[in-house]
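Colleague: Sequence:
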Amino acid sequence: MEEVASDIKDLDHTDSNLTTLPDTTDDQGAVIGFQVIAREFKKDKLAMFSLGLLITLLIIIFIGSYFFFDQSEVMKVHILNRYTAPGEQYFLGADEGGRDVLGQLFIGARNSIIIGFSVTIVTGIIGIGLGIISGYYGGIIDNIIMRIVDFIMVLPINMIIIVFVSMVKDYNIFTFVAIMSAFSWVGKARIFRSRTLSEANRDYVNASKTLGTSDIKIMFREVMPNLSSLIIVNSTLNFAGNIGIETGLSFLGFGLPQSVPSLGTLIGFATSPDVIENKTWVWLPASLLILVLMLSINYVGQALQRVADSKQRLG
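At position 299 of the sequence shown (counting the first as 1) the number is 318 in our numbering, and the numbers step up by one without a gap.
Careful, some of the hints might be misleading.
Dumping the calculated EDC-like pairs for lysine to aspartate or glutamate here, alpha-carbon to alpha-carbon at most 16 Å [as the list claims (entries may be wrong)]:
1. Lys236 x Glu218
2. Lys95 x Glu115
3. Lys228 x Glu218
4. Lys228 x Glu241
No wet-lab data here; the hints were simulated from the structure.
Sequences are here, hints too, so could you generate the full structure?
Modeller: In structure tokens form, the structure reads like this:
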């Protein structure tokens, strides 16, 4: 036994010829996680079709609105062409001002999508950030943030947005996004606060605190990646909701200015019985487009939610 002990003692533990196993746990985990997501998502044929249709529509809308239509030309009034039926002059006809419906459809869809996407990003940054901070620290910080959230949530947000839009004289897309974002982040904050409360008590967070890792790094480099599936699902569904809110406000006349095309503005023409019955080319294309966009985004979001649940179940 003494000879064996002496042989072990004489071994050079710093021998450079010794090979170490590569640490591929994180890489393998990421690959396996992606494979689970891809496999589960591909099982939903409707979601795959919706994703393909959504990408195709986005490409057509943005290419068409930027390269084939000019907003100033589209919005010029040609009173002699009032309610011109679809034909060679206007492919989808003209509205009550003799303006090209097809051009308004492309530019309006682009504006609605940009507004919905921008509001989703801004509210995501505010809501997710404050939700994680509130759930991580708890205590007085959590109480202050949650009381602000509770106060905003009991307000009639749509009415307040209408009031602010009416108060601002020369508002545009950026102003409209800012007004919508100022009141639409509270739901995200509450959702991510509750999820962070459970994550903050896990072993990896306690280990990071023990090692002296800063709170900012723990929250946004360790906790937030573990909420990535919830972030993707929540943002996707909110994207559709924000497009719907913008369209609804524009339909009521409290969205974008009249000089800026919007899907809601086109749908707003469907308030006259004569237009609804005899001039369907004015409002029907916009109604069908918004319906297809909303359904496609929602189907993709629901599929992502099922994928996230399956990934969590399968580990």
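Colleague: For every hint, state whether the structure bears it out.
Modeller: The hints, checked one at a time:
The straight-line distance between the Cα atoms of Lys236 and Glu218 is roughly 14 Å, inside the 16 Å bound, and the hint therefore holds. Straight-line distance between C-alpha atoms of Lys95 and Glu115 comes to about 12 Å, which keeps the hinted pair within the 16 Å bound. Our distance criterion of 16 Å between C-alpha atoms is met by Lys228 and Glu218, whose separation comes to about 13 Å. A distance of roughly 11 Å separates the Cα atoms of Lys228 and Glu241; the hinted pair therefore holds under the 16 Å criterion.
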